[in-house]
Amino acid sequence: MSSLNGLTIAVPRGALFNSTLDLLAALGLDTDELRANDRKLLFEDVGVITMRPSDVPTYVEAGAADLGITGKDVLLEQAAQRPGEGGREVYELLDLGFGRCTMVLASVAGPDPAVEALRRLGVMRVATKYPRIATRHLEETGRQAEIVEVKGSVELAPLTGMVEAIVDLTATGTTLRENNLVVREEILVCTARLIANRVSHKLKAGPIDELLQQLRAMPGLGGA
Amino acid sequence: MIHPIPSGTRDVLPDETREARAITDTLRRVFEGHSYGEVYTPALEYEAVLARADMADARPAYRVFDESGAVLVLRSDMTVPIARVVATRYAHADPPLRFCYFAHCYRGVRPQRGQPREMLQAGIELVGAAAPQGTVEALTVLCHALDAVGLKDYRIGLGDASLFPALMGSLEVPEQLRAGLLEALVMRDFVALQEMLADSGISGEDAQLLLDVPQRRGGPEVLRDAPAPAEAAITGLRRVHELLPDDVAARLIFDLGLVRKIGYYTGAVFDVYDPALGTPIGGGGRYDELIGRFGRSLPAVGFALGVDRLHIALAGEERGTGALLAGSGLAQGGDA
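Going down the list, the protein sequences come from chains B and L. Read in order, the letters of the first sequence correspond to residues 1 to 224 in our numbering. Read in order, the letters of the second sequence correspond to residues 1001 to 1336 in our numbering.
Keep in mind the hints are simulated off the structure, nothing from the lab. Note that beta-carbon positions come from the ideal geometry of N, C-alpha and C, so glycine has one too. A few of these clues could be false.
Unchecked claim - Cβ-to-Cβ under 7 Å is the rule here; a few derived chain L residues that face chain B:
no.: 1; residue: 1191
no.: 2; residue: 1275
no.: 3; residue: 1278
Kindly generate the complete structure, drawing on both the sequences and the hints.
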């Protein structure tokens, strides 16, 4: 058998890609072709499909993959925020530990312009790629905010004066520092998670549980 | 011309209608054959009436005011309206009572997700038949119905809604933690469950049990070495299993972690899976306290099938393709 226990797994390209491949290799999967070919999306021989991290829950929820690996930030952004509202219907099985980064609220160094705006104008403008996480955090902390969704380079938004603060993911803080931004609040810590399709989780219980056991036996993944 | 309809709603045209009608006609024949009489209830009900039921995340999402200012809602399922019918129209009738329905229900959606706002459900309610016999009858009718429409590879996941709360109770999990732990399980977030347990001060052994038991699923062997605190629920599942006809029992996957999002379930709960579809086709369970909230205390059990989902699964099985089937080519690579 060349795939993992006969399972199809959705693998995120981008920051989590190499760590994910290392993990799959440690599980005995042949990842050479995955590493060699960065344009191919579908690796039938090893039961792997690759995509951007935010698409992983979509493919897993639909059953196009039995399992998937993606960041907690993606799962939270796509989760149900209010009663009666459907979130992604996937099982979150394991914290894989890697890809560790922090969701932060940051603003330009010096006196915090966000605090100033809240005090004088009653509302702060916040740019983010994670509008739902940002909205929720600001609601939970009782602040009125105008959320501006951007698709990339969030750091630009406060530098141009379009917003007073940003909510973004940071691993080392380098990009923030280089743009003269300082972290004001840490919202939550995100790591890579193993997720499963809800029907696969039942119909392929044996192979999935076997894989979970292998994963939990790995150093640094002591988990459940 | 573009005259849009709300996302999550559909116009159903003759070819599809013909196929869907063949499915519902077959289901109706099976339900009627088991003495389940078909009922219609209004799509609009008073919010205050339906709110007697604990719908949790499946509560009605659409409200309108009528001319006198009363708040009406579009029903989000048929079980609660039938509970109302039983308590009001059958206040003195001798149980058991058997009803079936084919009705549209309405749920809230997230934009851009392709979730249905309006869905056609086909189901039964068996009122006044306690566990385990009532549960056995509902599961039997369910399998007969799916067999009759020609679905081949389906499986029924069977669990018990009282299992995890009972487990928390007998392990003396502090009251203030229970809702959060159950919520993590309902959200199928085992990572959150594990983190909450680690922070809770619950002893390592008990925490391990709370994390491990809801992940147990598989054949009847799952029921064998049951931990003592879950014994009552598991005995119930075992009795259902013993009473089921062999062809129905063969379809079961016992799932100690099965919970449904609707809040009114009290005992056995079940989901219908098919490898041709990535989401359950339908499900149901026991709701022994629901009808009591409308004034007549009777144990009950029922299920609902999503007709659209059943249709998709049937078509997927026919083509030999579908979400989890080998037809994608990917899974074949894996099985080789």
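Verification of the supplied hints:
Given the 7 Å rule on beta carbons, the hint for residue 1191/L holds: about 5 Å separates it from the nearest Cβ of chain B. Satisfaction of the interface hint for residue 1275/L is found here, the shortest Cβ-Cβ separation to chain B being roughly 6 Å, below the 7 Å cut-off. With its C-beta approaching chain B no nearer than about 2 Å, residue 1278/L sits inside the 7 Å limit, and its interface hint holds.
In summary, this structure violates none of the numbered hints.
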